[in-house]
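Participant: Sequence lines, in order, name chains F and E. In this text, residue positions in the first sequence follow my numbering: the first is -7, and each later residue adds one. In this text, residue positions in the second sequence follow my numbering: the first is -7, and each later residue adds one.
Honestly, the hints are just simulated from the structure, not real lab data. Some hints could be false.
When the alpha-carbon atoms are kept at most 30 Å apart in a straight line, the in silico DSBU-like pairs for lysine-lysine are as follows [unchecked claim]:
hint : chain 1 : residue 1 : chain 2 : residue 2
1    : F       : Lys168    : E       : Lys168
2    : F       : Lys249    : F       : Lys20
3    : E       : Lys155    : F       : Lys155
4    : F       : Lys20     : E       : Lys129
5    : F       : Lys168    : F       : Lys129
6    : F       : Lys238    : F       : Lys37
7    : E       : Lys168    : F       : Lys155
8    : E       : Lys37     : E       : Lys168
9    : F       : Lys129    : E       : Lys129
10   : F       : Lys249    : F       : Lys238
11   : F       : Lys37     : F       : Lys20
12   : E       : Lys155    : E       : Lys168
2 protein chains.
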Amino acid sequence: MTFIEKLSAAWTANNSLLCVGLDPDIAKFPAAIKTRPDPVYAFCKGIIDATADLACAFKPQIAYFAALRAEDQLEALCDYVRETYPRIPIVLDAKRGDIGATAEQYAREAFERYGADAVTVNPYMGFDSVAPYLEWKDRGAIILCRTSNPGGSDLQFLTADGKPVYQHVAQLVADKWNTNGQCSLVVGATFPDELAQVRRIVGDMPLLVPGIGAQGGDVQATVNAGRTSAGTGMMINSSRAILYAKPDQAAGEDHAKAARRVAADTRNEINRFR
Amino acid sequence: MTFIEKLSAAWTANNSLLCVGLDPDIAKFPAAIKTRPDPVYAFCKGIIDATADLACAFKPQIAYFAALRAEDQLEALCDYVRETYPRIPIVLDAKRGDIGATAEQYAREAFERYGADAVTVNPYMGFDSVAPYLEWKDRGAIILCRTSNPGGSDLQFLTADGKPVYQHVAQLVADKWNTNGQCSLVVGATFPDELAQVRRIVGDMPLLVPGIGAQGGDVQATVNAGRTSAGTGMMINSSRAILYAKPDQAAGEDHAKAARRVAADTRNEINRFR
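Work the whole structure out from these sequences, hints included.
Facilitator: In C-alpha cells form, the structure reads like this:
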C-alpha cells in the first residue's frame, strides 16, 4: 500500500483530516514524565494512544528529537506506531533538501531507519534534490510550497512571470515532479486564499496544512479553501494545541485525556465544514 | 572568537581556501576500516589528520551519518576536531530550514550537540527561519543561494523584478539578514558568472563554494569570480575527490596519504589563482 492509499484509508477509517504533530518539548511535559529515562518516547506514546482513532496521520518533527540526542526514542516511537496503529501513516517532518547523492542518504534516514511513510522536503534545490525520495515507490514526498510563518513571504511571494514563487512550486510539482503520484505539498492555513490557489493548480493532490491551533489559522476558511470535491485531500496539522492542552482537573483529566479532548474537538470542527 | 574570525585565521594560518567535506560512504572505505566498530569515525579521523594543515574548514555532511545511525560518531568527530585542531572551524552541512520554534531546536542540534562553528541553512522559509541560528552570536549561518546541482535552476533562476531568485537571496542576506556579520552564502562553482554576481552584491561576505572536484567546477574561474580583494572570502569545498582519492600504490600510499596529496594539490591550485 502506498502512502497516498494509506492516507486515504485513514481519512475514511477515522473520519478525520487531522494530523497530530509530535513536537516534544521536555520543559512542557508533566512532571511524572520528565523524570523517566525515555521521557520523549513516553510522552509521545501517550499522545499517540490518546489520539490514534482521531488522526489521519502522525507527524513527528525530527528537530525536537535531534536537539535532545533522542533519535533512538524516535525510532522506537515509529516502530510503535507501525506495530500498534499500522493504518495510520507516519509523516517525518524533516524538511530535507540537498543534492542527489546526499538526498539518497536522507531518504534512507526517513524511510529505512525511521520507516516513515512520507517525509517533508524543501524545493529550493530543485527536482534532482527531490527525485531520490521518489525512488521509494510506496512512500511520499511532501514538498514545501507556501509556509505559514511570517518570513514565508520573503521568497515564496516574489513574483516571477506574473505569479508568485510558491505557485511555480505547485505547478512544477503538479506538472513535472509528481511522476508517480507520490507528491504532496505543504501549504499553511494562515493564507486561505493562497491555499485555494494551490488547490486549483494541483487538483486532488493531498496537502499538509499547518497553522491552525497555536498558529491561529481559521478552520472554516482552511477547510473551504483546501478540501477536494470528495471533502478530503488534506492533513490539517495541529501540534502544540493538542500536545500541551491544559488538563481540566475538575473533570479528572491528565495530559493525555486533555490532548484527546482537543484532538476530538479539532477533528469535529474540521468535519463540520467538509 | 566568532566563526568568521576563526575562518579568517585559518585562511591565513594554513594559507588555504580549501574546505574538506566529510561525506562518509562505507561502501567506498578501505577494507581494514570497514570492519571496525566505528568505521565512520575512523575513516573521517584519518582524513582530518591527513589534511588539517591544508584546510580552512571541515564540513561534515550530516545526512551520511544519519542514514547510518552514526550521530554518536559525528559527535566524537566534532569533539576530536575541536580538541586536536581547535583553529579549524567545523561547518555542519545540514541545510536545515523550518519555522522559528523548530529552528531553535536545529540550532541546538548544530551548535550545542555537535559544537559546530557554522551550519548550512535553507532560505525558502524566510528570515524567521534563519534568525534562531543568529542568536548564537559566535556561530555562523551559511545560507543556500545558488546551488551547484542541475535542478538548482528550477527555482533559483526564476526571474522576479528583473533579477533571479538567487540574487534576491544574496541581496536579502546582505541588506537585512546579516545584522551581526554572522552570515555566509552557498554559491556553486559550476556557475562562475553567477558567483561573480553574488560577490558584487555581498561585498566581502564569505562564500561556501561546492562544485569543484567530482562535480567538475573549474578552479581558476571559481577563484577569479569569487575571491575578495584580499584574495580570500571563500571556503572552496571538495569532498569525494579527496576522501576517495586513489592511492598510488607504487609510491606506497594508503587512502589517507592519497587524500593528503589531492588536498595539497587542490589547495595549491586554488592558491595559484588567488
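Participant: State the violated hints by number, sorted upward, taking the hints as numbered earlier in the document.
Facilitator: Numbers 1, 8 and 9, in rising order.
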